[in-house]
Amino acid sequence: MTIHNLYIFSKTGTLLYYAEWNRLNKSGITREEEAKLMYGMLFSMKSFVNKISPLDPKEGFLYYKTGKYTLHYFETPSGLKFVLNTDNASQNVRELLQQLYREVYLEYVVKNPFCQLNEPIQSELFKVKVDELFKKSPLFLSRSL
Amino acid sequence: MSRTGTKLDAKKVNSELFTLTYGSLVSQLLQDYENVEDVNKQLERMGYNIGIRLIEDFLARTGSGRCYDFRDTAEKIQSGFKIFLGITPSITNWSPAGDEFSLCFETNPLTEFVELPDNYSNLKYCNILPGVLRGACEMVQMEVACWFVQDQLKNDNVTELRVKFVKRLEDAIPAGED
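Quick note, the sequences are listed as chains A and B, same order. Take the first sequence: its position 30, counting from 1, is numbered 30 in the working numbering, and each next residue is one higher. Take the second sequence: its position 120, counting from 1, is numbered 1120 in the working numbering, and each next residue is one higher.
Think of the hints as simulated: they come from the structure by calculation, not from any bench. Just to be clear, a hint being listed does not mean it is correct.
Said to hold, decoys possible - In the DMTMM-like style, the derived pairs of lysine to aspartate or glutamate whose C-alpha atoms are separated by at most 20 Å in a straight line are:
| hint | chain 1 | residue 1 | chain 2 | residue 2 |
| --- | --- | --- | --- | --- |
| 1 | A | K11 | B | E1170 |
| 2 | A | K136 | A | E95 |
| 3 | A | K129 | B | D1057 |
| 4 | A | K58 | B | D1099 |
| 5 | A | K111 | B | D1057 |
| 6 | B | K1076 | B | D1099 |
| 7 | A | K111 | B | E1138 |
| 8 | A | K46 | B | E1170 |
| 9 | A | K58 | B | D1156 |
| 10 | B | K1076 | A | E75 |
| 11 | A | K11 | B | E1138 |
| 12 | B | K1076 | A | E59 |
| 13 | B | K1164 | B | D1069 |
| 14 | A | K51 | B | D1151 |
| 15 | A | K11 | B | D1099 |
| 16 | A | K11 | B | E1143 |
| 17 | B | K1041 | B | E1160 |
| 18 | A | K58 | B | E1170 |
Required output: the full structure, derived from the provided sequences and hints.
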């Protein structure tokens, strides 16, 4: 099992944070362009899922899967968006993202008055804690596939 | 920094310290601004800034989703008071349209040792609370208006905070290719 990369978007679509661990394929565009593309896709996906759903969509869009990887999506009611790419075998990624929100984002960004909420996260402590959380997760194996 | 992520149990934090700290904040503001109206405004603004952060703590702790309707909102606000101030205000006086309700406080930890001097009769001592509610609701796409209609400090029996639903804010659309 592998964790590839992580995006955190604010509710207005600003890329707050990006980190990668095992990413073999580069997109070939700048980080900013990639983030815009990603956010646009998520936004469309969300409204598509909600419109096309034959039942009350409740939580709506949760993840998508390709032959090679799975993109997991977790959005808080306050509009924060956590996006994590993993391989297809990973399980309980949702819990991991909730844990990231509860134990890392809340503690080291929201409770840090020097972190502006709608700007990219600069805090070193936050970076270290994100890295720690993922590296101790059973999903993290730094084996290149 | 030696923060380990272990949380202080919210219930065990001494509320007297909080009460007195808030009291000194208000009295400092009264010294800094000559006008009581300005103090009310500042308190509301500070509350707003607290609210936009506090909502994340609330959501992470309770794991609650978006509100179905305004009654749901009222209950969530009530549980927020329970979590952060250790009190359970009662929800009363619904407007017929269901877009306004009141929160009634029998006790209010903010005002425990407080008496208002006569020359400050316009001061909304607890004006930080409406700010917190407004900020928190705004973060979950709801614009609300919030004000005090009764105040124990002004010799009313209960402290009554009125909350009115104004409108639903729309989700932000992604920025276009400029």
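Here's how the hints hold up against the structure:
1. K11(A) to E1170(B): Roughly 11 Å between the alpha carbons, so the hint for K11(A) and E1170(B) holds.
2. K136(A) to E95(A): Holds: K136(A) and E95(A) sit about 14 Å apart, inside 20 Å.
3. K129(A) to D1057(B): 18 Å, holds
4. K58(A) to D1099(B): Given that 20 Å is the threshold and the Cα spacing comes to 23 Å, the pair is violated.
5. K111(A) to D1057(B): It holds: about 9 Å lies between the C-alpha atoms, which stays within 20 Å.
6. K1076(B) to D1099(B): 15 Å, holds
7. K111(A) to E1138(B): At roughly 19 Å apart (the allowed maximum being 20 Å), E1138(B) and K111(A) satisfy the hint.
8. K46(A) to E1170(B): Distance of about 14 Å is within 20 Å: holds.
9. K58(A) to D1156(B): Violated. K58(A) to D1156(B) sits at ~43 Å, over the 20 Å cutoff.
10. K1076(B) to E75(A): Roughly 19 Å separates the two Cα atoms, so the pair holds.
11. K11(A) to E1138(B): At roughly 12 Å apart (the allowed maximum being 20 Å), E1138(B) and K11(A) satisfy the hint.
12. K1076(B) to E59(A): The hint holds at about 18 Å.
13. K1164(B) to D1069(B): Distance ~13 Å between K1164(B) and D1069(B) Cα, so the pair holds.
14. K51(A) to D1151(B): Violated, because 46 Å separates the two Cα atoms, which is more than 20 Å.
15. K11(A) to D1099(B): Violated, at roughly 25 Å.
16. K11(A) to E1143(B): The hint holds at about 16 Å.
17. K1041(B) to E1160(B): Holds, because 19 Å separates the two Cα atoms, which is no more than 20 Å.
18. K58(A) to E1170(B): With Cα atoms ~18 Å apart, K58(A) and E1170(B) stay inside 20 Å; holds.
The structure does not agree with the numbered hints 4, 9, 14 and 15 stated previously, though it agrees with the rest.
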